[in-house]
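*Asks:* Heads up: the sequence lines are chains A and B, in that order. End of the first sequence sits at 814 in my numbering; the numbers just go up one at a time, nothing left out. End of the second sequence sits at 692 in my numbering; the numbers just go up one at a time, nothing left out.
Any given hint could be a false lead.
Below, a list of computed lysine-lysine pairs in the DSSO-like style, where the Cα atoms sit at most 30 Å apart [to be verified]:
#	chain 1	residue 1	chain 2	residue 2
1	A	K641	B	K199
2	A	K641	B	K545
3	B	K641	A	K641
4	B	K641	A	K340
5	A	K340	B	K157
6	B	K641	A	K689
7	A	K340	B	K545
8	A	K491	A	K503
Simulated from the structure, these hints should not be mistaken for lab results.
Residues per chain, in single letters:
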Amino acid sequence: MSSSARSRKLFDRRILAGAAAGALLKLHPRQQIRKPVMFVVWVCAVLTTVAFVQALAGGGSERPGFVGAVAAWLWATVAFANFAEAVAEGRGRAQAEALRRARKDVTAKRLQSPSHGAPFELVAASAMRKSEIVFVQAGDVIPCDGEAIEGVASVDESAVTGESAPVIRESGGDRSAVTGGTRILSDWLIVRVTANPGEAFLDRMIAMVEGARRQKTPNEIALDILLAALTIVFLVAVATLLPFSDYAAFVSGQGAPLTVTVLVALLVCLIPTTIGSLLSAIGIAGMDRMARANVIATSGRAVEAAGDVDVLLLDKTGTITLGNRQATRFVPGEGVTEHELADAAQLASLADETPEGRSIVTLAKEKYGIRERKIHELKARFIPFSAHTRMSGVDLEGREIRKGAADTIEDYLDTRGGRLTPRVRATIDDIARSGGTPLVVAGGKRVYGVVHLQDIVKGGIRERFAELRRMGIKTVMITGDNPLTAAAIAAESGVDDFLAQATPENKLSLIRDYQAKGHLVAMTGDGTNDAPALAQADVAVAMNTGTQAAKEAGNMVDLDSNPTKLIEVVEIGKRMLITRGSLTTFSLANDVAKYFAVLPAAFAVTYPELGRLNIMHLATPESAILSAVIFNALIIVALIPLALRGVRYRPVGASRLLRHNLLVYGLGGLIAPFLGIKLVDLVLVGLGLV
Amino acid sequence: MSVNGWLQIAVTLALLLALVKPLGAAMAAVLEGRGWLARWLAPLERGLYRLSGVRADEDMDWKAYTMALLAFNALGLAVVMALQMLQGLLPLNPDGLPGVSPHLAFNTATSFATNTNWQSYGGETTLGYAVQMLGLTVQNFVSAATGIAVLLALVRGFTRARAAGVGNFWVDLVRSTLYVLLPLSLLLALFLASQGVVQTFRGAAEAQVLDPGAAPEAVQHIARGPAASQVAIKQLGTNGGGFFNVNSAHPLENPTPLSNLAELLSILLISAALCYSFGRMVRDRRQGWALLAAMFVILVPLLALACVSESGNLEGKETRFGVAQSSMWATFTTAASNGSVNSMHDSYTPLGGLVPMVLMQLGEVVFGGVGSGLYGMLVFAIVAVFVAGLMVGRTPEYLGKKIEAFEMKMASLAILAPCLTVLVGTAVAVACAPGRAGVLNPGPHGFSEILYAFSSAGNNNGSAFAGLTANTPFYNLTLAVAMLVARYGVIVPVLAIAGSLARKKSVPASSGTLPTHGPLFVALLVGTVLLVGALTFAPALALGPIIEHLQLLGHS
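So that you can see chain A by itself, here it is in the shape it has in the complex (with noise of 0.2 Å):
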């Protein structure tokens, strides 16, 4: 699949030295107050810098080396955020990289007029603007995107998509947007331009994956503003206990106040660095899922809503159902033997070429051995399907058969003074009933039988289908079918609802509802006709190989044009969500052990009893903060694969998500710090450091 070939490692070797070179740009304190958590250890680590240049100088009463080593430290920390947003850019800026080779700059044929062999002029594509008309054929990189109003042509797309098999585009109908740099293989055709430059389509993507244009989403803001709020709490309860321990220091007569250094240190292992560091490379990774999944989204939020819906429309066809119908049995009429009636409805649909023609053709061949035969060998003449009539078939010598929908049929034996047997009307409720579609094959007088046609349910679809509803997602298909068809369907795909006999004002009436009680709803739609619902729905999946219209209306592109990818949107949104959780859980939880390590090191002189609560049994004071620190500092790094990847979603229903990841972010947070200080503190000790 191309999201294969699109992926690439997670620490792609060129990214790290170039995000390594970026973490040292981003140290500018520009950069750094968009980002309040991260802000607030940029200024202590200008803090304690200057109290180390004042311990140097003899000043204070720290050893240099120590207040050194905590300045060194906190730029660290700064530094491993900047490096986690830059890793994640990084692998952005490579897939705009890749794209931007597909937008070389080329020479468009403009038409002075929208018809084939018109004279045209050749001018630079970056030159063209919309509703211009521009000539391409075989060999030539369509200049900008637009949609095909004559000709057809296949077109190598696989500069956007990654998919090398050629796509037919022609005008008119759903298959009429062209992209911008992709190539024609074969033909000709005349296009509408219907961006101008710097809006294409490839244009919209580069600034996504590159995260230029990223706006934070609600749900970021959000939680900025919990962050925040709690850099807050800690920066006063670390500021008060400069007071605090002064009060300390006189009552106990013995120690000091606090020194800036240690102050410092407890502040920047309290206030929430760990989510705040990784919150932007877990947002840009999100737009980077969703881009390596093949799907365009026009903004963040888009990607984030998907996270929420909770209600999916999916079309029938193609999604839930093989693309179409198939014939899986003959049940001859009275008189009428099973091969007779197969060999009747092979002929009737030798020059069929739908796919349900195309299958009875395949079933008389498997199941009754009845070779195909050359049309113009038997003299017969076709009879298209056309939608005066609504019957096909075939004009032998002194024959004929038709096969067409029960009551056209019935109609057109009325007229050859036949009409439709007792057994052949129970055949025909009975495939009705089952969701399938009967096709009567009858000639002259003579009713033949009938066909059963049916729609393939895809496999594995009703196990997506219940995993859905665990994740809390309704499903309803959509289809134009009628109401008997579509609940037998139903019924088989497992789908929660579903709308039969669907015309986009129902559609989009059906949507509105559901929004009204509040729900969120997703859908994918490739025709014009779509649009309205599209631009209704809250994520509105539009196909590439869908129109203009459709891709305009929609909030996201699937470049695979795959129904079914739906799925996988909400899973990354929901998986965006869980990691931002998940982090900021850990994030506070591994406060506590922060405090066992800091607070009783840094008391040590004034109230040497708080040494009880040293549990980690840390070696010296210096070496306690120094270890809080580092830990810190080290946590932010090994968590950017866990920010880049995301945390995983199960579809397990929110309570045992819920408790899953409670286990192992909040107790594990609570767990590992203790854990990693005493380490990082065996280290510092074992290398004669402290």
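Chain A is already provided as a structure; the job is to place chain B on it using the hints.
*Replies:* Same frame as chain A, but now just chain B:
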């Protein structure tokens, strides 16, 4: 502690639990203007509106609601302050007490308007009957009713969808007072009077001492007054301001074991029952039980810790109450933002004293004040749901309402306000001379006393660790500011949340929605409350009760 002591506690908790459902259901009904009591008293309610020109059908948006509330509270504050300063001119002052100093009057007025009832003044020796009744007792009622009103507004935020209004403050105030606080107080006051709590307009009684040689004066003045009526509401309305200076340790305020039981139950009664009312009002009783369960889960271990630590320590306790009744009272009164006492918390062991301090520092959400405890807990629930919601991969929602940036902003403010007040207040006090001057005890215990005072004022509790001379301009003013910030710094954000929630549509629950009624959610909520409290106050507690405890261990 003896088996008997533990039994006393078990019986008290069982009685409390048994009362939750009937009272909760009744309150849910009358607060929405239903039920037989509301029907009987409806003419009185309508009459009050007509008299005061209130349009009862007016639906206020959250800003109008807030303005009405603030204006009403400001008026109450001004009246109580004026009454105290003009005390010398007022009737019903048989002992001829003089006007109160402005800083003390401001402190006391703030204290009663904010449902704190911090008492810098000395009860019977400072305030006459008119001030106690017209000023303090009135505020005891309306400050508690204000808490219920805010809760009702927040409930409407959850139950209404796409609505602009959150209710009518005046209606909520009147109904809370008329249908809940007045009837319950009347019953309790009668019961207390039957137990011997004094209720009279006469001045101090004079008694001949039995052994004139041993006393400096032959005639003893025993203070009296209309106590039973005030004691009832001070317990029920989580006010805690005693009629007498030593509060419910005074034999005329709390004479018998039965009066002690009744007063003890009244501390938690309304706050606990409101959880059930909440469940009723949001049409999902399990939600109310979950919140109550979270409160119990925090209360019970802390109660046990207090009892175990105090075992054998009778200093500062009435021998007639003993360790169990005293520790239970100390825990209840600080779990709820009541603040009345029947023993002196200053004399508790370090860990025994830590329990009330921690309960206050948790933000007065473990039962907490009438109304205010539950809306405070709901703020924590919003924060807990936010983090948990992210962890299950959905935009967090609580009771069908999405929790977004605005709610987080306001919830953060509501949690920050008391935390910062306590820390900053304590820091200012220990850093400046007038602050240090009030401390009577040396060593870390002195620090604990200051920390306790600001924890009490900064969470609208009102109980005091004796040992701090608080009736000085410095403490009167700083503590008054702390009380104001802690009360309105929470109320305004909570009303803002109510307004914002009411405007939102209601999201139906699915299996992807985090259930907020199970044990998992209770654990999460408890964890959030404890973690926020612990992380905020760990350094301060380490320098107060914890080091005291460790030093005690070192000595023994």
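*Asks:* Quick one: which hint numbers does this structure break? Sort them smallest to largest.
*Replies:* 5
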